[in-house]
Amino acid sequence: MAWWIHRGLRRALVPRGLNSSSPLLRPPAASSPYFSSLQSRSQENAAPESGIGGSTSSKTASFRSSLNPTEVAKFAAIAETWWDSQGPFKPLHLMNPTRVSFIRSTLCRHFRKDPFSVRPFEGLKIIDVGCGGGILSEPLARMGATVTGIDAVEKNIKIADIHAALDPLTSSIEYHCTTAEEVVKENKKFDAVISLEVIEHVADPADFCKSLAALTVPKGATIISTINRSMRSYATAIIAAEYLLNWLPKGTHHWSRFLTPEELVLILERAGVSVQEMAGFVYNPLTGDWTLSDDTSVNFIAFGTKRNE
Amino acid sequence: MFSSGPWLPDYIVDRLGGVLLPPSAVYSWLFLKIAANKLLVHVTPGHNIGLHTATSTPTSASRCTTSSIEVSPTKMWNLSRISFNNVQKSTRHSYAIPLTIFSLQNDSCFMRGFYTLNSQESGGLILPELLRNKSLLSPDCATAAKVMGHDSRVHFKVCEKNYSVTANSEPFDVAIIGGGMVGLALASALSSTPFTKHLNVAIVDPNPALGGSSYYIKNEIPGSRVSTVTPATISFLRDIGAWEHVKHQRHAFFDQMQVWDYTGLGYTRYCSRDVGKEYLGCVVENKVLCNSLLLSLQEKDFKKTIIPAKLTSMTVSSRSSSSGVSSGQSNTLDKSRTNNSEETAEPMHLQSLVRLELSDGQHIYSKLVVGADGAKSRVREMAGIKTTGWDYSQSGLICTVEHTGENHCAWQRFLPSGPIALLPIGDNFSNIVWTMSSNEANRHKLMSEDDFVKAVNYALDCGYGPHPQSNFLDNYIGRLPWGSGTTSIKESFQAPPKVIDVVSERMAFPLSLMHALEYSSSQFVLIGDAAHAVHPLAGQGVNLGFGDASTLTKVISEGISMGTDFADLALLKRYEKERKAANIPWMAILDGFQKAYSIDFGPINLLRAAALHGAQYIAPLKRNIVSYAMGEWNWPRFT
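From first to last, the protein sequence lines stand for chains A and B. Residue numbers are given in the working numbering: position 16 of the first sequence equals residue 16, and the series is strictly consecutive. Just add 1000 to wherever you are in the second sequence, counting from 1, and you've got the working numbering.
Calculated from the structure, these hints are not laboratory results. Take these hints with a grain of salt, some might be off.
Stated by the list, open to error - Dumping the calculated DSS-like pairs for lysine-lysine here, alpha-carbon to alpha-carbon at most 25 angstroms: (1) Lys90/A x Lys1573/B; (2) Lys189/A x Lys125/A; (3) Lys1197/B x Lys113/A.
Build the full structure now, drawing on both the sequences and the hints.
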């Protein structure tokens, strides 16, 4: 019975993604109040690592380190292999085009850009929180956006800088080794704040989402992607990916830190971002491709807009 | 850049890279201008000069008294091969046009040198003679040239108007090596897809006909080299805008096909109405296809450069291991590009590009190199991609023949030594593709025309065996309720039309099967015959190539729409996966046919005849065969 109640709650609260016909899930018009609240959350989690330094010094109470030193060390260890598409980051490289397609379609629709143009994001300022080696930042820059990438691991930023300089289209990306909280303190705002696969590595997701929301302009976009906390994701992302297929080093993820879509929507709402669209990523083992789908039970991505204050 | 000394005037490099000098009275009678790959030499009216762009002595030059002379550089030299005495220069990235300018007012006044452009796109004139032997100069010239000391460069004003930068200065996005049918089709497809229209494409092919606007005259005798294009290819060509041009030139649709063999035990007739279509395919001459593709390229607003040169070498800078450069690179690979610490260090953004050296001395940079240069592909060799395959010990003999009437059917008869095919080209002409052993092919090539005509008629009609007849069993099978629509079951065997004359020269080519083990490696990709070469017995070779071009365009366009680097190996591997899945079955089938029909052994003959009968009378099988051959049916796949 608890399961039925849970299922009912889930159905009531969670926007099911692009193909559902429920009126709650239609991306509301730009004038609706729900747009802005979703964006603000993405920033905070991106820089978990630099909080080590931050937390030791006595900063202001609002700076709560959303970083975890062990998480930092994990990423620093494999930093050189970011751009090796057959190396430890292979699943990320495989998944990247699918994530970019979701981001492209939601942002084009939100900002009323032409999806058939080669550079639809001209004039948009985007920040990629937790950019790592720049795997997401580079496609966004090629699509015309002014991209800022932040990460707390210095090595990642260096690698991202070097790789971005190789292509004149991406050499305009600015990379900084900093945390979302620091950028909030500098009072910078961005049209779109994107933080993919970061929030599950953060100590305090709620604070992270607040930082992300603070980085977004009112009526701007916030996009977060993470892994669901479900039985299926335990089997897939922990057992299969880490132990059976060796896609990820063991211990990359902690299942207890995953967020369910309902929880993510809740904390984003509290930070002032309202989720408009959600989609899941599904891996097809026969073809080796990732596709977008309604199935948010393992990987999912949420697009939200920040409420007008 | 240039080493400058205190006596040289200051120069500014304009934003296009030209070198501008402040006009000075000393130089005012002469300046050089680069426009559309030509060197223009302007002189002030009244001062006449002669010009010669080879390195012969100036006395053999043509003299010109107009105020400007336009000179196309006939020969470009790679500056690194020229050594001067006491000259400070960079040999790495320069090329030079040898040039002699002499004044007609004063015969002894001349300047001979090299007009140079280096990778920073600036120009200047190097005058080695002035350095080595100043006695060649008259005092006037010495003043005019204003060369002092041993500095190597005299600068002339280079006007930036129409400074259409020559090929080697701006990096290209895609360099298509080989401007044949498949290479041009790729360029044309890239220009028609919305996400790839903006790319900067270079086509490198030494064929001078590509530079002209049209190299086909309509009423000529049809050339011997023709291709059969399937309906799938026709719709691809229609999408890229080339089919319109083909329709105005000679082409021949055919809607029927008959296949039989010499034993007379079986035959099969296909008709396009079996699958509800109007035609099975169209036979078009290769030069018509090339011409149409060129025209479709030219009428679009697309950044393309046709470079009439051959590729001599390629260098790739070895970045991190993620670039996936195969370790089997040929010895032309130059890894020293990454360790460049001299004053002309390669700019960072050029390091990730492939540098191509061309036979006329210039070099170009490109992000992606596409090898469309045929079965003996240089690109494939240089990228270190291995191939598998074997030679058939056969040659294909092709020529154009004439009939008394029109022919709308494609005929193919399998003989003991190989198949002979008769394909209509249009206007009472047909094309013969006759496969036989190499010695036989040579003999047929050299025999007289009458003998050859007789041989052809013998091979097509009654030679080697009787005409096939259908018996009562076949009629019974044909009447089973397979489903409607296969009209060709009821058609009986027809004899092919008689050949009356050979109208073109006969050509013979050795046949082989070749398949590249990989179609792509980092920043290189192969399309067309460079990736796969097949037996011509089903006319599929170029159709597979056009399929490659279409898929590559689609993959690149998807990559660009998702913001990925289109030269990324992962993207190119997607293209490879898709095309291998399409090409390999075809190659297996064609090779199977070739082997099956090359054996003359009783039971095998009966098996083949049974297969032919089956293909003729079993309607669903026939429909599937026709659809597959027309390119409109794929094997079931999971995607």
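Legend entry - Distance restraint between Lys90/A and Lys1573/B, which requires alpha-carbon spacing of 25 angstroms or less: With a Cα-Cα distance of about 14 angstroms, the restraint between Lys90/A and Lys1573/B holds, given a limit of 25 angstroms.
Inset, instruction - Given the hint that Lys1197/B pairs with Lys113/A, test it: the Cα-Cα distance must not exceed 25 angstroms. - result: holds, 19 angstroms
Legend entry - Proposed proximity, Lys125/A with Lys189/A (alpha carbon, max 25 angstroms): holds, 9 angstroms
Violated hints: none; the structure is consistent with every hint.
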